[in-house]
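Here's the letter readout for the chains.
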Amino acid sequence: MTVALCATAIVVLALLWEISMPWMDRRLDARRARKEARRRGEPGAYDPGRERRAEQRARELLRSCVNEEEWAMYRDLGFLRVWGGQASGPAATHPQRDLGGVPYAYLVYPHKPIVAYLPQTGQLLNEYCVEFPDETRPYGSARLPDSDDVLAKWMALQGDERRLISEANLHLPGRQVDPRQVQRDLWRLGQWERARLTRAQRHDGAAQSARRGVAGSPDA
Amino acid sequence: MKFLRMRPGHGEQLIAEGDVEVSEDEERLVEMFRRQLDQGMWAAVPTITETGRRQAEMVRAFEDIPRDTDRVIFFPRAAGGAR
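Residue numbers (the numbering used here), protein chains in the order written: chain A, 1 to 220; chain B, 1001 to 1083.
Hint data in this document are derived by calculation from the structure and do not stem from the laboratory.
Glycine included, C-beta positions come from ideal geometry on N, C-alpha and C.
A hint or two may mislead.
[Claimed, not checked] Computed spacing ranges between beta-carbons, pair by pair: (1) PRO1066/B - GLN191/A: 32 to 42 Å; (2) SER1023/B - ARG27/A: 50 to 60 Å; (3) GLN123/A - GLU1017/B: 40 to 50 Å; (4) GLU1017/B - PRO138/A: 12 to 22 Å; (5) VAL1022/B - SER209/A: 47 to 57 Å; (6) PRO1066/B - ARG188/A: 34 to 44 Å; (7) ALA30/A - GLU1021/B: 52 to 62 Å; (8) PRO1066/B - GLY49/A: 33 to 43 Å; (9) GLN86/A - GLY1040/B: 24 to 34 Å; (10) GLY1080/B - PRO103/A: 25 to 35 Å; (11) ALA33/A - ARG1034/B: 32 to 42 Å; (12) ARG202/A - GLN1039/B: 47 to 57 Å; (13) THR1047/B - GLU60/A: 15 to 25 Å.
[Said to hold, decoys possible] Sample of chain B residues lacking proximity to chain A, with all beta carbon distances greater than 12 Å (derived): (14) MET1001; (15) GLU1017; (16) ASP1019; (17) GLU1021; (18) ASP1025; (19) ARG1028; (20) VAL1030; (21) MET1032; (22) GLU1050; (23) ARG1067.
Next up, chain A with everything else stripped away, as it sits in the complex (with noise of 0.2 Å):
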């Protein structure tokens, strides 16, 4: 029994063995391969963990240039509102629609075009299909972290609107933002508004009756 016993473990070790082999080859060559290319100075592979740091570190970048409502919007939502300043309006896709002077906004989203809309409609303007590409490629990719993708749109579009738009692809909405997710993402917005003004003013009145109640007790 005990020598039957004996022979099929040394038969299933065999086998494994034999299953194993060519498995443990292929990747003790490309640990070979991932050490000569570190060798060489190469890029490494595509790490998660390399670009989860990036990402922490643009957000942190992100949120010491935005005003705190905004930092405090794109923590929340995932995305950024700016404000347009050109009179006439974005660049219209008929040159001859001018807004004259209507109040118009961008959203911001991380690796996705620029949406512009008019805030008091919510109709949707245009998209701006822009990119940052860098083609030093430090790691392999051209692609900035999300957030540093947002923060040069927002610098771009605060420092040369006219400039960033120009260079952009101009495209009737729908093309690559689906128009429903952007009617979602403006209702979201102004409930996050809402919400945060209702904190804003409930905080106030506390504070208020914080003083009054200071001002009016016997000790004051």
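Got chain A; can you put chain B on it based on the hints?
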């Protein structure tokens, strides 16, 4: 003054630092600024208005950088996206 550059897979990277009031530092910063623009970078300076609002200015020449700014951010120039 610090020069920061956005990089894929890295986030921002400090590429130069110096005091613009020190001529050696200033020369180094001017040189680095030109090099970055030659490499096709755009440069922006985060600013704060009198009302406390945060904004950004795009700068095309070293002389356009406000002397009291503490950082200049370089990022790849915009290119039209998917057609």
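Taking the numbered hints from earlier one at a time, note which ones the structure violates and give those numbers from smallest to largest.
none
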